[in-house]
Amino acid sequence: MKKSIVAVLLLFITLFATNAAASGHEQVAQQTHAIEHHAAVDSSEKAVAHDKGVWELLKSFYKTTGLYAFTTPQEGMVNGEGEPVNAFHQTWGRVIMIGITLLLFYLAIAKGFEPLLLLPIGFGGLLANIPFANMTADHGFLGVIYNAGIANEFFPLLIFMGVGAMTDFGPMLANPKTALLGGAAQFGIFGTLVGAAALSQFTPAFDFSLQDCAAISIIGGADGPTSIFIATKLAPDLLGAIAVAAYSYMALVPVIQPPIMKALTSKEERVIVMKQQRKVHKLEKLFLPLIVLGLSILLLPESTPLIGAFTFGNFAKESGVVDRLSDTMQNSLINIVTILLGLGVGSKLAAEKFLVGDTLGILILGLVAFAVGTAAGVLMAKLMNRLSSEPINPLIGAAGVSAVPMAARVVNKVGMEEKPGNILLMHAMGPNVAGVIGSAVAAGVLISIFN
Amino acid sequence: MENMVAESFKYMILGMGIVFAFLYIMVLVLQTQAKLIAKYFPEKPAGPAGGASTGVDKKKVAAVIAAIQHHKNLGK
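Which chain is which? The protein sequence lines are A and B, in order.
The first sequence begins at 1 in UniProt numbering and counts up by one.
The second sequence begins at 1 in UniProt numbering and counts up by one.
By construction, these hints were calculated from the structure, which means they are not laboratory data.
These figures come from a predicted structure and were not determined experimentally.
By construction, the Cβ of each residue, glycine as well, lies at the ideal position given by its N, Cα and C atoms.
Check each hint, because a few of them may be wrong.
What the hints assert, rightly or not - Away from chain A, derived, C-beta distances all over 12 Å, residues of chain B: (1) Met26; (2) Gln31; (3) Gln33; (4) Ala62; (5) Ala63; (6) Ile65; (7) Ala66; (8) Ala67; (9) Ile68; (10) His70; (11) His71; (12) Lys72; (13) Leu74.
Unchecked claim - Calculated pairs, DSSO-like style, for lysine-lysine (alpha carbon to alpha carbon, straight line, at most 30 Å): (14) Lys177/A to Lys10/B; (15) Lys59/B to Lys279/A; (16) Lys282/A to Lys35/B; (17) Lys59/B to Lys282/A; (18) Lys59/B to Lys177/A; (19) Lys275/A to Lys35/B; (20) Lys10/B to Lys282/A; (21) Lys35/B to Lys177/A; (22) Lys35/B to Lys285/A.
Sequences are here, hints too, so could you generate the full structure?
See the structure below:
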């Protein structure tokens with residue numbers, strides 16, 4: 001009995017369902033008919049859009065793919081910031097830039113060149129070159145990061161704070177005279193400023209303004225955060241190229257510096273053994289950041305954002321009572337900011353920003369700046385060796401470019417090659433950390449001139 | 001535009017002058033500071049010696065613990 005009731009119910013349900021489906025079909029058919037009719041009468045695009053066959057759907061989907069964007073440039077295309085992007089930058093430009101970012105990955109991963117920065121910068125560059133996604137727009141992933149901390153120069157300062165917390169001024173305090181070597185190396189900045197100005201004045205190939213020249217020449221200071229800080233202030237359009245050039249050359253310190261160091265010194269000079277450093281009192285280290293900040297307040301307030309952040313980090317470290325804060329600055333905070341800084345700078349590696357004639361000029365001038373800085377440091381050290389009663393190995397002058405502690409390590413390595421057992425590392429750390437102060441001062445001078 | 005090089009040359013002299021002046025004054029102040037601190041706050045030579053003695057203490061403590069442990073084990 002029950003079974004038959006269930007069967008009847010099932011039958012009814014089936015009938016209803018079929019009926020409903022049929023009427024649905026009918027409705028769809030009617031609609032389609034109406035649209036076809038409408039299309040036949042009007043044939044406007046809007047009406048056709050309602051009636052997409054599978055083929056049309058696929059076609060319109062294809063037009064939203066990267067494949068289409070890479071192969072078919074569009075007229076009047078604008079990037080996230082509303083600037084026009086030409087056909088080359090939309091197609092081959094993007095492909096070339098993606099190739100360049102892959103090269104950065106290779107250098108960072110396989111060669112170990114500044115991986116902490118080249119990897120995020122490279123990935124930011126990769127993301128910036130994705131069509132349609134517009135990640136560099138004001139509300140895009142990279143745009144938000146850029147506006148949050150790079151456009152306003154905030155992230156470089158936080159990095160400087162972390163660098164300050166990591167820096168030990170002991171070697172410089174043990175032999176303060178070596179700090180002058182960190183000043184000589186800044187000749188790389190100002191010498192290149194003149195060189196860049198001459199290039200844009202006398203050759204038609206480059207047309208940099210004086211501000212651009214200043215932003216490019218800062219690469220000679222071999223100080224990443226400072227370069228980014230100055231570039232965003234003086235020439236934001238060149239930021240990507242300047243940052244990539246600066247970090248690439250800093251990564252290439254072991255390749256670029258030794259030939260220059262060897263060319264400018266004699267064998268006798270390279271084997272000079274330096275006097276053992278004296279022990280530095282704890283109070284000297286504690287007062288150093290205050291002295292440096294005090295001097296920059298008196299002489300060059302324009303450089304106090306950089307020096308202020310740097311000395312705060314160092315003071316927190318040397319005070320010895322806020323280890324937790326100092327630890328955060330040295331580790332978690334600087335790591336977070338490094339990620340954001342890298343991605344934000346990478347956003348300037350979009351094809352339309354990077355693949356311009358200026359970039360080549362920046363790469364060349366940056367290399368010159370770096371080489372001149374190294375040479376000036378070595379020559380200054382030679383001079384000091386002549387004048388000073390204590391022997392000074394001229395090699396340590398090369399560490400006057402910041403690039404802490406890589407430049408000092410390179411000095412140590414070259415010294416050991418000439419005379420095994422002659423450890424110059426600590427002697428080179430003096431000019432090295434003085435170079436950080438020196439390039440911050442140089443940056444302050446440039447800002448005070450151009451702002 | 002014509003005097004861009006001359007302009008940048010002036011910046012170079014100004015810039016290097018300031019960088020050197022800054023660092024030179026810093027060197028002078030640091031040297032003075034080092035002398036003053038050496039005079040008024042001489043480093044106590046006991047510093048490293050104290051460290052060494054705590055090292056010995058630790059060794060002694062370890063030896064005592066080991067001896068007690070050994071004694072207990074023998075007792076079992």
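Each hint, compared with the structure:
{"no.": "1", "hint": "Met26", "in the structure": "violated, 6 Å"}
{"no.": "2", "hint": "Gln31", "in the structure": "violated, 6 Å"}
{"no.": "3", "hint": "Gln33", "in the structure": "violated, 6 Å"}
{"no.": "4", "hint": "Ala62", "in the structure": "holds, 28 Å"}
{"no.": "5", "hint": "Ala63", "in the structure": "holds, 32 Å"}
{"no.": "6", "hint": "Ile65", "in the structure": "holds, 30 Å"}
{"no.": "7", "hint": "Ala66", "in the structure": "holds, 34 Å"}
{"no.": "8", "hint": "Ala67", "in the structure": "holds, 37 Å"}
{"no.": "9", "hint": "Ile68", "in the structure": "holds, 35 Å"}
{"no.": "10", "hint": "His70", "in the structure": "holds, 39 Å"}
{"no.": "11", "hint": "His71", "in the structure": "holds, 41 Å"}
{"no.": "12", "hint": "Lys72", "in the structure": "holds, 39 Å"}
{"no.": "13", "hint": "Leu74", "in the structure": "holds, 45 Å"}
{"no.": "14", "hint": "Lys177/A to Lys10/B", "in the structure": "holds, 27 Å"}
{"no.": "15", "hint": "Lys59/B to Lys279/A", "in the structure": "holds, 28 Å"}
{"no.": "16", "hint": "Lys282/A to Lys35/B", "in the structure": "holds, 13 Å"}
{"no.": "17", "hint": "Lys59/B to Lys282/A", "in the structure": "holds, 29 Å"}
{"no.": "18", "hint": "Lys59/B to Lys177/A", "in the structure": "violated, 43 Å"}
{"no.": "19", "hint": "Lys275/A to Lys35/B", "in the structure": "holds, 19 Å"}
{"no.": "20", "hint": "Lys10/B to Lys282/A", "in the structure": "violated, 41 Å"}
{"no.": "21", "hint": "Lys35/B to Lys177/A", "in the structure": "holds, 15 Å"}
{"no.": "22", "hint": "Lys35/B to Lys285/A", "in the structure": "holds, 14 Å"}
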